[in-house]
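Enquirer: Residues in the sequence shown are numbered from 2 upward in steps of one, following this note's numbering.
No lab work stands behind these hints: they were computed from the structure.
A few of these clues could be false.
[Unchecked claim] Cβ pair distances, simulated, as ranges:
1. F64 with L31: 29 to 35 Å
2. I68 with Y48: 38 to 44 Å
3. E5 with F63: 35 to 41 Å
4. V62 with E21: 27 to 33 Å
5. E5 with T57: 26 to 32 Å
6. Y48 with L72: 32 to 38 Å
What you are looking at is a predicted structure, and each value in this text was computed from that prediction instead of being measured.
Positions of the beta carbon are idealized from the N, C-alpha and C atoms, including for glycine.
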Amino acid sequence: MAEEGSTIVIIIGYLLAVLEAFPLGIIFALVLYFLTDNEYYKYHGKYMLIISVVITVLILVFFGGMILTLLGMSAASNAAAPIK
């Protein structure tokens with residue numbers, strides 16, 4: 002196991018992928034996947050990247066609609082305001 006790589010790096014990577022998916026989780030996964038020669042890190046980096054992207058998309062789908070709705074409500078209230 003010691004010759005494969007440090008498990009603390011993998012644990013930190015998965016925590017970042019779940020808790021801070023965009024941008025830290027994606028960046029960390031990309032670094033592990035593309036910039037290391039260690040197959041252990043590449044294997045886990047691939048799954049970290051998948052988890053980060055899926056969570057980022059879910060956040061954008063669920064909270065993106067809410068943000069757009071709030072922006073639309075703000076624009077609608079400014080349009081209805083009387084001109085002074």
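Enquirer: Each hint should be assessed against the structure and marked as holding or not.
Expert: Hint by hint, here is what the structure shows:
1. F64 with L31: 29 to 35 Å: Roughly 23 Å apart at Cβ, these two residues miss the hinted range, so it is violated.
2. I68 with Y48: 38 to 44 Å: violated, 29 Å
3. E5 with F63: 35 to 41 Å: Given range 35 to 41 Å: holds, Cβ gap about 37 Å.
4. V62 with E21: 27 to 33 Å: Hint violated: Cβ distance 18 Å, outside 27 to 33 Å.
5. E5 with T57: 26 to 32 Å: holds, 28 Å
6. Y48 with L72: 32 to 38 Å: Roughly 35 Å apart at Cβ, these two residues keep to the hinted range, so it holds.
Going down the numbered hints, you'll see the structure goes against 1, 2, 4, while the others check out.
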